[in-house]
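Visitor: According to this note's numbering, the sequence shown holds residues 89 to 205 in order.
Straight-line distance between alpha carbons at most 27 Å, and here's what the computed DSSO-like set of lysine-lysine pairs gives:
| hint | residue 1 | residue 2 |
| --- | --- | --- |
| 1 | Lys174 | Lys131 |
| 2 | Lys163 | Lys152 |
| 3 | Lys174 | Lys152 |
| 4 | Lys131 | Lys152 |
Label pairs and their in silico Cβ distance ranges:
| hint | residue 1 | residue 2 | range |
| --- | --- | --- | --- |
| 5 | Asn161 | Gln132 | 26 to 32 Å |
| 6 | Gln127 | Thr191 | 17 to 23 Å |
| 7 | Arg141 | Gly104 | 29 to 35 Å |
What the hints contain is simulated information worked out from the structure, not anything from laboratory work.
For glycine and all other residues, C-beta sits at the position ideal for the given N, C-alpha and C.
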Amino acid sequence: QVQLVESGGGLVQPGGSLRLSCVASGSRFSPNAMGWHRQAPGKQRELVAAIDRGGGTNYAASVKGRFTISRDNAKNTVSLQMNNLKPEDSAVYYCNAAATGWTVDSWGQGTQVTVSS
Numbered sequence: 089q090v091q092l093v094e095s096g097g098g099l100v101q102p103g104g105s106l107r108l109s110c111v112a113s114g115s116r117f118s119p120n121a122m123g124w125h126r127q128a129p130g131k132q133r134e135l136v137a138a139i140d141r142g143g144g145t146n147y148a149a150s151v152k153g154r155f156t157i158s159r160d161n162a163k164n165t166v167s168l169q170m171n172n173l174k175p176e177d178s179a180v181y182y183c184n185a186a187a188t189g190w191t192v193d194s195w196g197q198g199t200q201v202t203v204s205s
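Construct all of the structure, not just a fragment, from the sequences and the given hints.
Guide: This is the structure in C-alpha cells:
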C-alpha cells in the first residue's frame with residue numbers, strides 16, 4: 089500500500105472547472121494504476137476515472153468528454169481536470185492506487201467537491 093494525499097476540492101458554480109491532484113508516497117514502486125472514485129450522500133462509491141503507467145485510461149460514462157485524467161509517473165502524481173461541472177458531480181472524491189492490475193488497494197482521505205449556484 090501507498091499513502092495518498094489529495095488536494096484541489098472546493099465549491100464551484102455549474103459549468104465551472106476544478107482540478108484535483110493526488111501524490112503517492114511510501115513505496116519504492118510506482119502504482120500500476122491510479123485514479124479517482126467519488127461518493128455522494130446516500131450513494132455507493134463509484135469509479136470516476138483511472139489511468140495506468142502506460143497511459144491507458146478508463147472513464148465513467150457520466151464524465152466522458154468533461155473530465156480528463158493525467159499522470160506523472162516520475163512524481164507519482166495523478167490529476168483530474170474537471171470541466172463543465174454539474175450539480176450531480178458533487179461528492180467526496182477519493183484518490184486511489186492499485187499496486188498491480190486495476191484492483192485498488194490504497195485510498196486517500198477524500199476531498200469534497202460541491203457544484204452549486
